[in-house]
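Could you build the full structure based on these sequences and the hints that come with them?
Chains as they are written, first to last, in this note's numbering: chain A, 1 to 196; chain B, 1 to 260; chain C, 1 to 445; chain D, 1 to 337.
FYI, nobody ran anything at the bench for these hints, they're computed from the structure. By construction, the Cβ of each residue, glycine as well, lies at the ideal position given by its N, Cα and C atoms. Honestly, I wouldn't trust all of these hints.
Quick list of in silico lysine-lysine cross-link-like pairs, DSS-like style, CA-CA up to 27 Å [said to hold, decoys possible]:
no., chain 1, residue 1, chain 2, residue 2
1, D, K217, C, K6
2, C, K51, B, K201
3, C, K12, D, K277
4, B, K183, C, K6
5, C, K249, D, K246
Cβ-Cβ distance ranges computed for the label pairs, FRET-style [stated by the list, open to error]:
no., chain 1, residue 1, chain 2, residue 2, range
6, C, E104, B, K110, 40 to 46 Å
7, D, Y320, A, E98, 27 to 33 Å
8, B, K110, C, G196, 52 to 58 Å
9, C, A43, B, K258, 40 to 46 Å
10, C, Q93, D, Y320, 32 to 38 Å
11, D, Y320, A, Y5, 27 to 33 Å
12, A, G44, B, M7, 49 to 55 Å
13, A, G44, C, S443, 32 to 38 Å
14, B, D165, D, R8, 39 to 45 Å
15, B, K110, C, A140, 28 to 34 Å
16, D, Y320, C, L111, 57 to 63 Å
17, B, I229, C, L83, 24 to 30 Å
18, C, A127, B, P252, 53 to 59 Å
19, A, G44, C, Q93, 30 to 36 Å
Beyond 10 Å from chain A on every Cβ pair, some chain B residues (computed) [as the list claims (entries may be wrong)]:
no., residue
20, D3
21, T10
22, G15
23, A17
24, V27
25, S74
26, L84
27, V87
28, Y174
29, P186
30, T207
31, K210
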Amino acid sequence: MVKEYILLIIGAVLVNNFVLSRILGICPFLGVSKRLDTAMGMGGAVIFVMILSGFVTALCDKYILVRYNLEYLRTILFILVIAGLVQIVEVLLKRFSETLYTALGIYLPLITTNCAVLGSAIICATEEEFKGRIFKSTVFCFASAVGFALALVLFSSVRERLELSKIPRSFQGPAIALVTAGILAMAFTGFAGLGS
Amino acid sequence: MIDIVMMTGTGVLLGLAIGLVVRYFGVPVNPLVESLNELMPGANCGGCGLAGCSDYANAMATGRAKPGLCPVMSAEAVAKCCELLGVESDTTEPKIAVVCCSGDDDHAAKQAFYNGVNDCLNAMLVAGGSKGCTYGCLGLGSCARACPFGAIEMLPNHLAKIHADLCTGCGKCYMACPRNVIKLVPRSAAKVHVYCNSPKKAPIKRTVCKAACIGCRKCAKTAGEGQIIMNGYLASINYDNPPAEGIVEVCPTKCLRKAD
Amino acid sequence: MNKQIKFYGGVKLDEGKMTSNEPIISAPLEPLYTVPLQQHIGAPAKAVVQKGDKVLRGQLLGEAGSFVSAPVHSPTSGTVRELSSCLGPAGAQLPAVVIESDGEDTAAEPLPIFANWQEASPDELKARVAEAGIVGMGGAAFPTAVKLSPPPNVTIDTVILNGVECEPCLTADHRLMLEHTETIITGARIIARILGVKQIIIAIEMNKPDALEMMTKKAEGTGVEVVGLRVLYPQGAEKQLIYTVTGRKVPSGKLPAHVGCLVTNVSSAAAIADAVCLGKPLYERITTVTGTPVAKPGNILCRVGTPYSSALALCGGVKEDPLKIISGGPMMGMSVYSLDIPIIKGTSGILLLAADEVSQYTPNACLRCGRCNDACPMEMIPGILSSTIEFHHFSLAERWHVMDCIECGCCSYVCPAGRPLVQHMRRAKAVANATRRAAEAASKK
Amino acid sequence: MSEQTTIRMPDTSKLVVSSSPHYHDMGSIPKIMFTVLAALAPAVFASIYFFGWRALLVLSVCMVSCAAIEALLCRLMRRRISIGDGSALVTGLLLGMTLPVTSPLWMCIVGSFIAIGLGKMVYGGLGGNPFNPASVGRVALLLACPSAMTTWVTVSGCALNKWVVDATTGATPLELVAQNQPGPGFWSLFLGNIGGSIGETCTLALIVGGVFLIALKIIRWQIPVFFIGTVFLITGIAYMVSPCPKFNPMTHVLSGGLMLGAFFMATDMVTSPLNRKGAVVFAIGCGIITTIIRLWGSYPEGISYAILIMNALTPLIDRYTAGRPFGVARKASQKNA
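Here you go:
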């Protein structure tokens, strides 16, 4: 039981890293990785939202979609739920925790459109392993988000360093970021087979 | 049927929830800041003295700064800002930067070979750089790198040149120049300039630069009253009352020239 | 004092002290002396003579311009030819008094002599130090009288005389310690008297065994302690010296006085002794003229205002053309492009470097080899800082304590990429100072 | 005053002015790079001895193509052609040493292009690259041509009379232990009488070269010592828990690319941390990741991956291991960090 969850977490963080292996959530990965502190803020926000949305979508899936045979509405319902959820969270954060809002606030709207959040929800809903298991789905979403945050933090620290390199004009900006992401993804392939 | 009901139901529920949350927990945002932000040029040059355009918009909305500090904004935009803020418009005369030096490699004597960081401030701190004149352009292009609009070109013979059509008078180059060779002058009066910055006596200047103002006062005598002022051995234009363009004919060293 | 603390980093340098055994020779009179009015850190002195005035040796030429300033005295007797400006070692024009020597070298009435300084009041002695225009003669030229007036909330318990002379090539202090040992000790005791301090330490690097021995011998029974220090550059830097001698760390941005120490150069101590016991203001100093291109390198007692060219001529000129002329030592001196620059109170040496000794800076990128990290005596990260500054992130550099840089040059010395690291630091410091001044000006408005 | 006239005064018209210091220890990038090449020489000789002359061909093709590609890219970028500093040769040699002796030459050239082009030049050349170029090249080749990259020949003593040793394919010691079979003996592993990539087999030659570099202070001793030590420690603990050939610490330390990686690739100064503390963290990280991949991953070898991942972590390590400057109080430093 414990071993199962440890392997699940290792798999989601290192082996099937959302960004570097599944290529999900690339827009915040490229957009919010220019500075380490923003990357950490974004990572935190993603972890927070993904746990929440993973839990809620798994609930919706189990008790609404599957029960009434509405699986074909999955994508659209999940989008709706996640978007609404993030909106509410943002407003509540701003109201009740100014510090957390300034730390996460600006990233929350970005997350609404983050395919990683939707991706994790859909993976949980479709893969046999997670079907109907709300706790396991939530753990998976958490681990995936940690993987995302890890990739983001690694990447942003490298990018901060790249600011001090004389990168050729044509490679500046997203180009060099993608090359770097590619090399990082190559490096992460080394973890293949871990936990199996 | 159930699918439609479910989707609609979820939508309505979420909509209601968001509406209620915003109604009871929402924090109002200042719409003024956003409309001010739209009027900003977005170059984030910092010419207003604040950290970029959105900071300036914020500062205006909260009364920390006045409209019209931005050197780049058009007059209409400034007027609009004033309208939004409900204050009277106060237009500033648009400015332009001038490099007051003619000491390129052909004219200025080379004293030493500077070896080090390619930056004017650095060069000045090391024995005063490679040119002999301690008042002139060091020619390493710090101003050109500071210009957010690409208006400064470094001539191959180590002199900065300002392209008037691109210059917005933001003053970044003025801040970047360690020798204060660059001056900000009113755009409308920028017809002729004295391209020399050295207040030294003529013989000293002549040994280090062939194009220096030698303080002969010919221009000051020819021009109208108060149009050219002598600062010691250096002629300077009174930009409140600029001389006619024809005045450049009298200058023996051609350091008094039409704006280029 | 055998348990010696070692400061972090530092580099071992080729000392190149070829003039250690050259006795001090006095320079003959010059026809013309150009005496800059700013020979110290702080405000320039205000001229008190007019064009055409007759002046005598030791007469006041300029009085201190503000609190952090020092007066300037005439090096010889003659006529003031003009008040003009001259090129200083830093490449900037300095206001100066040009004196045409009359060849008589008549001394002015000396300042009243303290026959028995042990009984003079500290304030009187301090006033004399200020009056005599004494500055730190190690290079920075900070007015000594200001140093002797610590802020009221600190107490100084240790006076350290800096006879380390860790700069390669220079031997001026070394010769002074050998030839004027007693003067230095007297000076040290006067300083201690001014501050009411019991502990006086003279620190000498071990590469000068003769000076160490001489000092120890002469210091016996005077209450002055002499310590020999490990040979490591920059042992003579103020903060490193205090740390090595007393184990105290001067906090970032603070003065040595905050840890109860006062460091002054041995030359300054000798000048204080001369000012108090002989009534002689500071108008001459020992300068080392050295370098492989110099025909006969030596230590010369030069009057302030002597042009570099005269000092060099006294050393027999050059054997080959130098590629660099440096005012000061090779690690912290300033390179100059003219020999018309006058020797000032802070000119510890004139160094000529031949073409094959000069390594040019190159625009290579930082290799991140970390050698500068290991060499930096301030435990900073010079490599990263220099890249940061190269890409104009000045505020970041300031957050990373660039202002603590002492510009000792260890980082550039070891950099395999040949990067001008110290120059980057200087720039960041200049920018930070400018920003601070602008902020102050804005807040005053 | 006849003597006065003979005094020669210097010509001041061609003086150089620059910032202090005016002394330099006369070290330079080419000096470092060519010393590294010299330190790799024993391993190169060993590889020719065990694998035959084709090893030399592969290494030369990698070096030449790396240099040529760097020159070409400098030209395209209109920058000073930087191959004189020797770093491209080092990258080429290291890349060649991580390839099997049977690698087709086109693969060497492609690998060089990835190493130099994507690993270094797009980052602005030497000093800008966050990842070790040779590791980038090797990992890319391993992903692109897995079979060619894992074709090993059987080695048996001196092969100086051969072009390439028998083409019969064998397994590397690490592949053997991954299948839980006993590897070759200690002396074979130590001397390099085993299958594997060109430059990684002869532990003795690599240690000689590495110690040479440490003695010259070109690399920090912390990185190889802690890297190898961590691998030894973790596999040793595993071996004590369950003593089977898979966990034999001696095999893990002496075989695979560990020596080459620890002495020559992880110590690449551009991509490793700046200070000693950071170097220790970096090396331990490399060791942990290597062991994890070797023992539990699907690849038998993990050195290049470990190095690349720790390269990505280097900026973070630098940030958190940077000490406080002399005299800066702990609180002030934390506030600003």
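Now the hints, each set against the structure:
1. A threshold of 27 Å between alpha carbons decides the hint, and for K217/D with K6/C the separation of about 21 Å falls inside it, so the pair holds.
2. Pair hint K51/C plus K201/B holds up; C-alpha atoms about 18 Å apart against a cutoff of 27 Å.
3. For the proposed pair K12/C and K277/D, the alpha carbon gap of about 23 Å is at most 27 Å, so the pair holds.
4. Distance restraint check for K183/B and K6/C: the Cα-Cα separation of roughly 51 Å exceeds the 27 Å cut-off, and the hinted pair is therefore not satisfied.
5. Only pairs whose Cα atoms come within 27 Å are accepted, and K249/C paired with K246/D is rejected, the gap being roughly 53 Å.
6. Between E104/C and K110/B the Cβ separation comes to about 42 Å, which falls inside the hinted range of 40 to 46 Å.
7. Distance hint check: the CB atoms of Y320/D and E98/A are about 28 Å apart, consistent with the given range 27 to 33 Å.
8. Checked against the given bound of 52 to 58 Å, the beta carbons of K110/B and G196/C, roughly 55 Å apart, stay inside it.
9. Restraint check, A43/C to K258/B: a C-beta distance of roughly 42 Å satisfies the suggested window 40 to 46 Å.
10. The beta-carbon spacing between Q93/C and Y320/D, approximately 48 Å, falls outside the hinted interval of 32 to 38 Å.
11. The hint said 27 to 33 Å for the Cβ distance between Y320/D and Y5/A, and at roughly 29 Å that hint holds.
12. Distance hint check for G44/A and M7/B: the Cβ-Cβ separation is about 32 Å, which falls outside the suggested range of 49 to 55 Å.
13. Roughly 37 Å separates the CB atoms of G44/A and S443/C, a value that falls within the hinted 32 to 38 Å.
14. Between D165/B and R8/D the CB atoms are about 56 Å apart, so this pair departs from the stated range of 39 to 45 Å.
15. Taking the beta carbon of each, K110/B and A140/C are about 31 Å apart, inside 28 to 34 Å as hinted.
16. Hint check: Y320/D to L111/C, Cβ distance near 59 Å, so the stated range 57 to 63 Å holds.
17. A hinted range of 24 to 30 Å holds for the C-beta pair I229/B and L83/C, which are about 25 Å apart.
18. A hinted range of 53 to 59 Å for the beta carbons of A127/C and P252/B is consistent with their spacing of about 55 Å.
19. Checking the proposed 30 to 36 Å range against G44/A and Q93/C shows it is violated: the Cβ atoms sit about 57 Å from each other.
20. The beta carbon of D3/B sits about 6 Å from the closest Cβ of chain A, which is not more than 10 Å, so the claim that it is off the interface is violated.
21. With a minimum CB-CB distance of about 6 Å to chain A, T10/B fails to clear the 10 Å threshold, and the non-interface call is violated.
22. Some Cβ of chain A comes within 10 Å of the Cβ of G15/B; the nearest lies about 8 Å off, and the non-interface call is violated.
23. Not every CB of chain A lies more than 10 Å from the CB of A17/B, the least distance being 6 Å, so the non-interface label is violated.
24. The non-interface label for V27/B is inconsistent with chain A: the shortest C-beta to C-beta separation is roughly 5 Å, within 10 Å.
25. The claim that S74/B is not at the interface with chain A holds, since no C-beta of that chain comes within 10 Å of its own (minimum 29 Å).
26. Residue placement check: L84/B keeps its beta carbon more than 10 Å from all beta carbons of chain A (closest about 24 Å).
27. Distance check for V87/B against chain A: the nearest CB is about 30 Å away, which clears 10 Å, and the non-interface claim stands.
28. Against chain A, the non-interface label of Y174/B holds: every CB pair exceeds 10 Å, the least being about 27 Å.
29. The non-interface label for P186/B is consistent with chain A: the shortest C-beta to C-beta separation is roughly 36 Å, beyond 10 Å.
30. Under the 10 Å C-beta cut-off, the non-interface status given to T207/B relative to chain A holds; the minimum distance is some 39 Å.
31. Distance check for K210/B against chain A: the nearest CB is about 37 Å away, which clears 10 Å, and the non-interface claim stands.
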